[in-house]
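Protein chains in written order, with my numbering: chain A, 1 to 303; chain B, 1 to 104.
These aren't lab readings, by the way, just hints derived from the structure by calculation.
Some hints here could point you the wrong way.
Said to hold, decoys possible - Derived contacts from chain A toward chain B, CB cut-off under 10 Å, selection only:
hint : residue
1    : A49
2    : A56
3    : F82
4    : A282
What the hints assert, rightly or not - Every beta carbon over 12 Å from chain A, so not counted as near; a handful from chain B, in silico:
hint : residue
5    : T3
6    : S7
7    : P18
8    : R22
9    : A36
10   : A51
11   : D56
12   : E63
13   : A64
14   : T67
15   : H69
16   : L90
Here a beta-carbon is modelled for each residue, glycine too, at the ideal position from N, C-alpha and C.
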Amino acid sequence: MNPPANQFLRATRSYFGATARERVAHLFDAGSVIEFLPPEICTPSPHLARLGLPGAQDDGAIVGRATLEGASVLFVAQEGQFMGGAVGELHGARIVGTLARALTDRPRAVLLLIDSGGVRLHEANAGLIAISEIMRAVLDTRRAGVPVLALIGGVCGAFGGMGIVARMCSRVIMSEEGRLALSGPDVIETVAGVEEFDARDRALVWRVTGGKHRLLTGDCDELVDDDIDAFRSAGARAVRNASERAPMLADLRQRQDVLARRAQRLAGLNDGAQVWRALGIADPQAISMLTAEETMALAGELQ
Amino acid sequence: METLEFSFASQPLPGAHPPAIRGVVGSGNLEVLIVAAPNDAACHVTVNTSARGFRDIWHAVLEAFATRHPAGQLDVTINDMGATPAVVTLRLEQALAAFAEGSP
Numbered sequence: 001m002n003p004p005a006n007q008f009l010r011a012t013r014s015y016f017g018a019t020a021r022e023r024v025a026h027l028f029d030a031g032s033v034i035e036f037l038p039p040e041i042c043t044p045s046p047h048l049a050r051l052g053l054p055g056a057q058d059d060g061a062i063v064g065r066a067t068l069e070g071a072s073v074l075f076v077a078q079e080g081q082f083m084g085g086a087v088g089e090l091h092g093a094r095i096v097g098t099l100a101r102a103l104t105d106r107p108r109a110v111l112l113l114i115d116s117g118g119v120r121l122h123e124a125n126a127g128l129i130a131i132s133e134i135m136r137a138v139l140d141t142r143r144a145g146v147p148v149l150a151l152i153g154g155v156c157g158a159f160g161g162m163g164i165v166a167r168m169c170s171r172v173i174m175s176e177e178g179r180l181a182l183s184g185p186d187v188i189e190t191v192a193g194v195e196e197f198d199a200r201d202r203a204l205v206w207r208v209t210g211g212k213h214r215l216l217t218g219d220c221d222e223l224v225d226d227d228i229d230a231f232r233s234a235g236a237r238a239v240r241n242a243s244e245r246a247p248m249l250a251d252l253r254q255r256q257d258v259l260a261r262r263a264q265r266l267a268g269l270n271d272g273a274q275v276w277r278a279l280g281i282a283d284p285q286a287i288s289m290l291t292a293e294e295t296m297a298l299a300g301e302l303q
Numbered sequence: 001m002e003t004l005e006f007s008f009a010s011q012p013l014p015g016a017h018p019p020a021i022r023g024v025v026g027s028g029n030l031e032v033l034i035v036a037a038p039n040d041a042a043c044h045v046t047v048n049t050s051a052r053g054f055r056d057i058w059h060a061v062l063e064a065f066a067t068r069h070p071a072g073q074l075d076v077t078i079n080d081m082g083a084t085p086a087v088v089t090l091r092l093e094q095a096l097a098a099f100a101e102g103s104p
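Turn these sequences into a full structure, and let the hints guide you.
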């Protein structure tokens, strides 16, 4: 039987290239999105105005309620194109408020569409405090039995404080294009020198922070194609299957042991390809050509 | 940053519409928010822009928009990060189209 003619013509909608509003519009069920604090009732950050910078009405964080394949969820979508998705005071307060609302609304999950370089340096301490409040709010939400899912596939990835927040979530879903790390490439190069890390070597950046690397090292739970529909399916599946139980001290100790062993095992390696070989992958050079599905299969074999 | 206020006579856009927003406050880009303002016949525009000293160009671009499209009884808020006139016109038209069809 012939495949349907449109099988090869299916339009994909890049998650990477989309704005936060486009992601929200196409990820959730049509007509289900109700935005909290929509742009018309908000004013831009007074901190940026004081520095002579125009702000965005929503301060780069769209928050609200929606359904995802029928399941009611709360969401946060960071706009990576505005100030690098950085967390300022208002931006952070919107995220914290949405997570706090999960305690009373009891949605099936909270989805964090992370696209952020971390703290907004223009707002300094207010941004740092906001990040710490988001961390606390993520843990409070999880403790109340509501899973928090991190979706990472935007232009800014998840760096700095938002990288930490991502790893505090119940589940991390990434695309190959998404990046997850603590210090960003430029920060490392500035602090430690270009010999330590060449931030302009894009392939290197992705080999040590990209979605495939994070999947293989176990920092990401699921790798999907750079396609809003792929994120939608993975997100919906995660919401359906999620069962949140409060993290116990024993779990944290066990996780700490795993990380300590990993740090020991991978010490001295300075490229993703070396790490993949150390993890038992025979042909690390082939990784970059694998599809998301093939990489998932490979990661499954490693475990 | 410079904040500019403009008011233009324009044909009213019929019907009740929810607010609409298009664009992002990124380099060379801008966001345009359109909200219905039924008590004011004119098209009222507030511009917050990172580029100072371009009042005349803003006036020309916005006046052309208000002349070419029914934009009366609307409140338009623009947050701009150095967009060129062509990009400003494009975003204004995208926002107005979204507003007219009622998609936020």
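Which numbered hints fail
Violated hints (numbers, rising): 4, 5, 7, 8, 9, 10; every other hint is consistent with the structure.
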